[in-house]
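**Student:** Work out the full structure, taking the sequences as your base and the hints as a guide.
Residue numbers (this note's numbering), protein chains in the order written: chain A, 12 to 391; chain B, 2 to 103; chain C, 6 to 463.
Just so you know, the hints here were simulated from the structure itself, not pulled from any lab data. Note that the structure is predicted; figures quoted are calculated from it, not measured. It is possible that some hints are incorrect.
Restraint ranges, calculated between C-beta atoms of paired labels, are given here [stated by the list, open to error]:
| hint | chain 1 | residue 1 | chain 2 | residue 2 | range |
| --- | --- | --- | --- | --- | --- |
| 1 | A | Arg194 | C | Asp344 | 48 to 56 angstroms |
| 2 | B | Lys92 | C | Arg229 | 45 to 53 angstroms |
| 3 | C | Leu8 | A | Gly131 | 55 to 63 angstroms |
| 4 | B | Lys92 | C | Gln156 | 50 to 58 angstroms |
Chain B is faced by these chain A residues, among others (derived, beta-carbon under 10 angstroms) [stated by the list, open to error]:
| hint | residue |
| --- | --- |
| 5 | Gln145 |
| 6 | His149 |
| 7 | Cys250 |
| 8 | Lys252 |
| 9 | Gly268 |
| 10 | Phe300 |
| 11 | Pro301 |
| 12 | Ile303 |
Simulated coverage check for chain A against chain C, where a stretch passes if three residues somewhere in it have a Cβ under 8 angstroms from a Cβ of chain C [to be verified]:
| hint | segment |
| --- | --- |
| 13 | 37 to 47 |
| 14 | 175 to 184 |
| 15 | 306 to 312 |
| 16 | 329 to 339 |
Just so you know, even glycine gets a beta-carbon here, dropped at the ideal spot from N, CA and C.
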Amino acid sequence: MFWSDVIVVGGGLVGTAVAYGLGQLGKNVTVLDEGDDAFRASRGNFGLIWVHGKGRGFPQYARWTRESARQWPALAARLQGETGIDVQARQAGALTLCFSEAEFEARAERLAAVRDEVGGDYPYEMLDRAALLQRLPHVGPTVIGASYSPMDGHVNPLQLLRALHTACAQQGVVLKTGHGVQRITHADGIFTAHSGGRQFRAPKLVLAAGLGNAGLAGQVGLHAPVRPIRGQLLITERCEKILDYPTGHIRQTCEGGIQIGESMEDAGFDDSTTNETLAELSRRAIASFPVIGQLNVVRVWGALRVMTPDGYPIYQESKSCPGAYVVTCHSGVTLAAAHVFRIAPWINGAAAPEELDAFTGDRFPAADPGAQTLDHHHAH
Amino acid sequence: MPTEPLFRPISAATEPFIDVEFDGRPLKVPGQGSVASALLAAGVPRFRSTPVSGAPRAPYCMMGVCFECLLEIDGVPNAQACLLQVQPGMKIRSQEGARHAA
Amino acid sequence: MQLESVDVAVVGAGPAGLAAAATAAELGLSVALLDEQAHPGGQIYRDVTRAGVDRLQVLGDDYAAGRALVERFTQSTARHVGGASVWNITRERVIHYLKDGRSQSITAGQVILCTGAMERPFPIPGWTLPGVMTAGAAQILLKSAGLAPAQPVVLAGCGPLLYLLAWQYLRAGVRIGAIVDTTQRGDYLRALRHVGGAVAGWREVRKGLGLIRRIRGAGIPFYRGATELAVEGSERAEALRFRMGATSHRVQTDLVLLHQGVVPNNQITASLRLAHRWDERQLCWVPQTDAWGRLALDGFLIAGDGRGISGGTAAALQGELAALAAAHSAARLPEPERDRAAEPLRSALRRQLHIRPFLDTLYRPKLQHRVPADEVIACRCEEVSAGELRRSVALGCTGPSQTKAFSRCGMGPCQGRLCGLTVTEVIAQARGVSPAEVGHYRIRPPIKPITLDELAAL
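**Tutor:** Now the structure itself:
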């Protein structure tokens, strides 16, 4: 029997951000995480802090994302100060490349709409090719323009996970690896997470188990119909710095490798890579920046995103089991700051952020999650 | 800056030496074997510096699994020198840190 | 994209691959043998057909015997595809390889993997310095370029290859500064428990003792039972330091040749997500196979050191057995004939395998040279120390995948070939569990470098 104030199920970017936030508030937290070969959506995160273009028709999400990006520098500084780890957060802006006039206009229209919906404070520019070349001189001849926003940037997602784990450990958060949770029971306001023959108890429990949330949510009166959507990524050998800004599909890491992504495939629970998709990703990358064509690919990987039917997060406290929460999204990097600075306090009993009403799991019909059609309204 | 070679031909008999260029300077190397073995026999002690810390590196396994023998060969950076046959007139440069993109 | 088709594709032109390809071709199947090198021979028989009398004299009879095998292959109808860098093999048996600057592919009814072995990593202080190489590297220099050390060289570690190299160097007139052997008295005692195997493999044992006698006879400093090996030097190797009991020794040298055995090169079998088991006697991962070398995936077989270290002669026998099995699976060789042909091969193979427990025990690499101190580099490509790995474990990483994510070990161009075993064993020791429980890296294509342009052209 193992007691704490809060149990967090899942030790990825979402779970550890929440745990870290709770630890900062003085709670005793236990994080239960699976083993080495878990699916780990966090390892498939592209590493973008991305706002512009997201949440069209869903202004709460656009605002939620924007606010998280605003708080990101504070998170990075906090983590660096506490752990000494530089998560390589660079928020000098990011771009979405457009390969045709139609694309360019659609992009402009979308951004104008989101800006309208959030009520104005939403900086971005549409760049024609000449202006684009100022920022990304290596852009390919078929790129006619781009959208640019200073709100955005990128970070090293693996170092972020490591920093969160380290900061958690330093705060006394107990992390149990190799402890996937099969079953959760509750009685008299106390939750028991059953894992590998052991029992973990707390008055509060947070489901941050990614794809595992689908099966666990119902056990505590919540609804989290998440499905896997595979993304394949490639990274090249290190090279001299050629990209000063990330784009939606390509960024140069601090180490120097060019990271390329990211497909969106319905492949069930198969995280392998396929030559066809890798070839397609390569072609798009070369069209964006022809100069990278000579670089050797040193690594490819596939990861399963945690996708709700509309692509937006679920943040909800259980009505039938108060004290149980579900926290799930597929933008674990962008929303990390929100998870630390706004979700954690809410779980700790502070007033819910006003946007949160929009993110309940109840917005999805309680039917077979496989019957949901996926709505790609979020832009990457 | 070649130093005393670490390796020499075992056969004093005619080992045809060929001319290549290393870091912009002419160098005579044994004509048989890979670029890596040729440079080792010509007194090149260090092939590259790592893109991580700048530490000096040279061939280790000679069979293409260690990736230590990376050189820029005829304009192609990060080439595995132990897997390429040396040819007369090759322009070879040490691979200093991360490569250029193109 | 050309999609050529063959009955059997063999990957690797060492003894296993040559025997497999020749046998399959002789049985009437269409065969392609793909190999990275321009000429067949693999590593053990590297460039054997191009070796002149001088070189054959130095290298010895076992090497020269490779010529017969290459000859048999060349005479067969099997096609040699040299200069082929295999970067991906799909589970549906399409082999993608780079040759002449572009990606090509071949589809096969069956694939026989003969990719052999590579040197076990030897993570000691200073092992990444210029002037530190493996005994295997030295042999390749001898075989493919006729080169030997110009200055007094130090050979360090353990295993028959180390003595063989020393003997070859003596014949070539190379000055050996010292042989620093990590084999302990206790290893001999433990190995003698397998003396049945030693007796059966008496020829091998006698050859080994003969090598050692000749080395000693040449007056070369021979240090036995050495521990705590370390290479000294700032920009390049300057000396090898070690202990003999309580005494510290230092041998000055520009060139250190390290060796503590060879291990299977598992990149392809791992990339196919095939099951591997940890072999505690050979301290490495071996793929799960049946007696013919068939892997758990339809149409895939493996032969040679890639399925467990057993030497060149055993590799050739396994290659033949795999080819027989492949021919039978392809309905070109009825079962009774297959079994009849296999019988003498199996007997010969048993004799070869009999000595393994003795050799593996005698030349077991030392723990301190497999699981190094904190400051020693474990991952050469990304310069990750053993201490960094241990810190990852302390943070909760239980295996290579999460450790890789946190420390970057295994993310470099060698794709974990040189750090994989070290990482598994360091994590195992830090956690107090067996390497089997820790697992190994997840390997994905490209197994060999391929550019974005080449990938885009698929």
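**Student:** Flag every earlier hint the structure violates by its number, smallest first.
**Tutor:** Going through the list in order, the structure violates hints 4, 5, 16 and respects the others.
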